[in-house]
Amino acid sequence: MTTESSVFNLSFTTNNGQTVPLATFEGRPLLIVNTASKCGFTPQYVGLQGIHEQYRDEGLVVIGFPCDQFAHQEPGDDAAIEEFCRLNFGVDFPLSTKVDVNGKATHPVFAFLKERAGGRLGSSIKWNFTKFLVAPDGRTVKRYAPTTKPDAIRADIEALLPAAVR
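Following my numbering, the numbering of the sequence shown begins with 2 at its first residue and continues without gaps.
Honestly, the hints are just simulated from the structure, not real lab data.
Here the structure is a predicted model, which means the values were calculated and not measured.
All the given hints hold, so there is nothing to weed out.
Straight line, CA to CA, 30 Å or less: simulated DSS-like cross-link-like pairs of lysine-lysine:
{"id": "1", "residue 1": "Lys39", "residue 2": "Lys127"}
{"id": "2", "residue 1": "Lys143", "residue 2": "Lys39"}
{"id": "3", "residue 1": "Lys39", "residue 2": "Lys99"}
{"id": "4", "residue 1": "Lys105", "residue 2": "Lys143"}
{"id": "5", "residue 1": "Lys143", "residue 2": "Lys127"}
{"id": "6", "residue 1": "Lys39", "residue 2": "Lys150"}
{"id": "7", "residue 1": "Lys105", "residue 2": "Lys127"}
{"id": "8", "residue 1": "Lys105", "residue 2": "Lys39"}
{"id": "9", "residue 1": "Lys127", "residue 2": "Lys150"}
{"id": "10", "residue 1": "Lys143", "residue 2": "Lys99"}
{"id": "11", "residue 1": "Lys150", "residue 2": "Lys99"}
{"id": "12", "residue 1": "Lys99", "residue 2": "Lys127"}
{"id": "13", "residue 1": "Lys105", "residue 2": "Lys150"}
Whenever a hint applies, use it, and build me the whole structure from the sequences.
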């Protein structure tokens, strides 16, 4: 359990070792996804990159959190993961270091997200490409199953963007 009242009180480490306080993005919606390079859902990187490109100038921040907790589908190190994502899918949104999303070593961001938006069968994450859309208030979180394609959440993203830019 986390005691944080807002995701913006947390931080993550990028895959090149920089600590990024999520407060950097305060007031902007976040799309946070646990990712993997060798998963049946890996092609969703295309949709995530498309959403990133379409909405970044309107404030949306997409962040991928590689995770190797599901069938060893993210075996590479941080550099290999970044290269794979860039070369195969053109990914240029931030990627974190590899993290755990369940268990004792759960990354604090995922502890917060799971507490705010449990799944259909409890709060644990069941597979790669579970998506969390965080409202600009940093407290309101909506969760999407791995099977939900990024394009299917565009309306929810647009609802969180400032009306002046839509």
